[in-house]
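Q: Model the placement of chain B on the given structure of chain A, informed by the hints.
Note that the protein sequences, when read in sequence, are chains A and B.
Each residue of the first sequence is one higher than the one before, starting from 46 at the first, in the numbering used here.
Each residue of the second sequence is one higher than the one before, starting from 4 at the first, in the numbering used here.
A hint or two may mislead.
What follows is a set of in silico ranges between Cβ atoms, one per label pair, in the way DEER data are often shown [unchecked claim]:
id, chain 1, residue 1, chain 2, residue 2, range
1, B, Trp218, A, Ala150, 42 to 52 Å
2, B, Thr46, A, Leu82, 53 to 63 Å
3, B, Tyr63, A, Pro306, 53 to 63 Å
4, A, Ala256, B, Tyr63, 56 to 66 Å
5, A, Pro306, B, Val45, 35 to 45 Å
Hints are computed from structural coordinates only; laboratory data are not their basis.
No residue lacks a Cβ here, since even glycine has one placed at the ideal position from N, Cα and C.
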Amino acid sequence: MADIALAPRSAKTQIREATTWDQLKHNRNWLGFWFMLPAMAFLIFFLAYPLGLGIWLSFTDTRIGRIGQFIGTENYEWLWDDSIFWLSVFNTLLYTFIASAFKFAIGLYLALLLNENMPFKAILRAMVLIPFIVPTVLSALAFWWIFDSQFSIISWSLKHLGLITQNINFLGDTTWARICVIFANIWRGVPFVAITLLAGLQTVQPSLYEAATLDGATRWQMFRHITYPLLTPIIAVVMTFSVLFTFTDFQLIWAMTRGGPVNATHLMATLSYQRAIIAGQLGEGAAISSAMIPFLLAAIMISWFGLQRRKWQQGENND
Amino acid sequence: MTDLPTRSIDLKAVLSGSSPTVAKGDHSEGMSYLQSLPRKFVTVYLPLSIIIIILLFPFYWMALTAIKPDDQLLDLDKFNPFWTWNPTFKHIHKLLFESYYPHWLWNTMYVAVCATVLSIIASVLAAYAIVRLRYKGANLVGGLIFLAYLVPPSILFIPLATVVFQYGLFDSPMALILTYPTILIPFSTWLLMGYFKTIPFELEECALIDGASRWQILIKIVLPLAIPGLISAFIFCFTLCWNEFIYALTFLQSTQNKTVPVAIVNEFVDGDIYRWGSLMAGALAGSLPLVILYAFFVEHYVSAMTGAVKE
Numbered sequence: 046m047a048d049i050a051l052a053p054r055s056a057k058t059q060i061r062e063a064t065t066w067d068q069l070k071h072n073r074n075w076l077g078f079w080f081m082l083p084a085m086a087f088l089i090f091f092l093a094y095p096l097g098l099g100i101w102l103s104f105t106d107t108r109i110g111r112i113g114q115f116i117g118t119e120n121y122e123w124l125w126d127d128s129i130f131w132l133s134v135f136n137t138l139l140y141t142f143i144a145s146a147f148k149f150a151i152g153l154y155l156a157l158l159l160n161e162n163m164p165f166k167a168i169l170r171a172m173v174l175i176p177f178i179v180p181t182v183l184s185a186l187a188f189w190w191i192f193d194s195q196f197s198i199i200s201w202s203l204k205h206l207g208l209i210t211q212n213i214n215f216l217g218d219t220t221w222a223r224i225c226v227i228f229a230n231i232w233r234g235v236p237f238v239a240i241t242l243l244a245g246l247q248t249v250q251p252s253l254y255e256a257a258t259l260d261g262a263t264r265w266q267m268f269r270h271i272t273y274p275l276l277t278p279i280i281a282v283v284m285t286f287s288v289l290f291t292f293t294d295f296q297l298i299w300a301m302t303r304g305g306p307v308n309a310t311h312l313m314a315t316l317s318y319q320r321a322i323i324a325g326q327l328g329e330g331a332a333i334s335s336a337m338i339p340f341l342l343a344a345i346m347i348s349w350f351g352l353q354r355r356k357w358q359q360g361e362n363n364d
Numbered sequence: 004m005t006d007l008p009t010r011s012i013d014l015k016a017v018l019s020g021s022s023p024t025v026a027k028g029d030h031s032e033g034m035s036y037l038q039s040l041p042r043k044f045v046t047v048y049l050p051l052s053i054i055i056i057i058l059l060f061p062f063y064w065m066a067l068t069a070i071k072p073d074d075q076l077l078d079l080d081k082f083n084p085f086w087t088w089n090p091t092f093k094h095i096h097k098l099l100f101e102s103y104y105p106h107w108l109w110n111t112m113y114v115a116v117c118a119t120v121l122s123i124i125a126s127v128l129a130a131y132a133i134v135r136l137r138y139k140g141a142n143l144v145g146g147l148i149f150l151a152y153l154v155p156p157s158i159l160f161i162p163l164a165t166v167v168f169q170y171g172l173f174d175s176p177m178a179l180i181l182t183y184p185t186i187l188i189p190f191s192t193w194l195l196m197g198y199f200k201t202i203p204f205e206l207e208e209c210a211l212i213d214g215a216s217r218w219q220i221l222i223k224i225v226l227p228l229a230i231p232g233l234i235s236a237f238i239f240c241f242t243l244c245w246n247e248f249i250y251a252l253t254f255l256q257s258t259q260n261k262t263v264p265v266a267i268v269n270e271f272v273d274g275d276i277y278r279w280g281s282l283m284a285g286a287l288a289g290s291l292p293l294v295i296l297y298a299f300f301v302e303h304y305v306s307a308m309t310g311a312v313k314e
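Just chain A, same shape as in the assembly (with noise of 0.2 Å):
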């Protein structure tokens, strides 16, 4: 910049009209193509392409190493007479819903908790993150030996306050497996509900809280009537997310039961893995995963409309 005057006599000679290649690396549309370019082939080659064919694959009975033929709607037909599809939609909206609202509650809970004053309260949060951090499939084996049928910590300790007998067989009994996986994935979601809630619940302003405590507000007035409501933009967003997650999980039913015992933890996204990559059925695996869609769509709609009312509330524009 500092070399501008330097040569003012030639820069007189050098004007010269635009030509459409200047006019071209100017123009907006034209870099934001050549910008967009990379992202783009990534999405639409692996993302947009795969969705398309995924749905294509679920009207064909394509098996692994061989092209399929188009048969209609026969994938849907026979997964409609299939109790154990039906038995894995049903353990699948069972999961998402039971374990969605343990976390809201948990994480809310925790969220309140950690924005108390206290002593040691950056380690506290920090330490609270961390099985967010570590990889489900790693932390779920953990879970996997906490729940052995012989050797599980949790049978010795409840022997030894006498509460029990025997050990408890919790990933071989169906009830007591679609309770263990249900609490690895609360165990896994709450640091991820509390710490973001706990960003929003920073953004409350105090005196409010000062005020309501002169109105002589009781705690969960004031929780009710301010916290609540000023949170409600920040917990819709981060419950379509939690669900969303919930709904489509795998690793971590995979890595403690893989879909076990008689199939009663088997979600859609386990037996969609089973049938198409174990079995080699790609079309009817296909078909199972697309039927998630309708679901995933359901829960987005409900999000996007709570956004919008809120917008519509608050009277703010959309920037």
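A: What follows is chain B alone, placed relative to chain A:
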């Protein structure tokens, strides 16, 4: 579309624990003097410590199992299972020298770093174009990228497996390096868009008048100012890659090409009753790199998490 009308979130405050709106000097405790200590113990400290113990217990148990001798692992009556007086490094030794573990660790690292770098480059360009070039349809593209974030890997892995097979990438790290960006780009683009929006327009206008090209503006002005955002995006993407399971499980086959999460689940579970020690040692060693990274960049993690939600 998802811009929320929340007030800006002070990320440092989330972790350091100081509420930004409380004047620090005189009223640092806010209204907490209204609560007596015994009451606070019951309503805050007790539930908080129970939750934290539950959240951290699996890691303690993992670490303890990794160093316990085999006979103590399986004999719960003679030894107190919650502690051991004679730790052994047998399991860790077995892990490091009698298995492909170092190989797997290297694969995971290699795939995670390559995929993250690729995605960050693509996202920086895309985010800059959406926020600052504002070409025709930029908002629409921004919305589509957000939607892409909501497409979960578990509905994509079957068609992607056929695509990977067609391109001849099956069982090679390239399959993962090219598919992971589909998870990472939407996330980091949104995160970086948020950071780029906070950089003043005037800086760029000055540079344009001085004759800088868009490329120079991006490299010399915008990126240096967005370094915190880049770090957040980088470590969060790295964590996501390290964590990824279903693609790695589907696209990789030979033992030595696997990544840590897949390899541990498939290779160590051999029905051997003494497997627990090395299994837990493997799980612990697979988590350590991320925990160490986390310890150094806590603030950036939180900013990445809340940033992604906030947008």
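Q: Would you mind marking each hint as holding or not holding in the structure?
A: Hints, verified against the model:
1. Between tryptophan 218 (chain B) and alanine 150 (chain A) the C-beta distance comes to about 50 Å, which sits within the given range of 42 to 52 Å.
2. About 56 Å separates the C-beta atoms of threonine 46 (chain B) and leucine 82 (chain A), a value consistent with the hinted range of 53 to 63 Å.
3. At about 28 Å, the CB distance of tyrosine 63 (chain B) to proline 306 (chain A) disagrees with the hint of 53 to 63 Å.
4. The given range of 56 to 66 Å is broken by alanine 256 (chain A) and tyrosine 63 (chain B), whose C-beta atoms sit roughly 44 Å from each other.
5. For proline 306 (chain A) and valine 45 (chain B), the hinted distance range of 35 to 45 Å is satisfied, since their beta carbons lie about 40 Å from each other.
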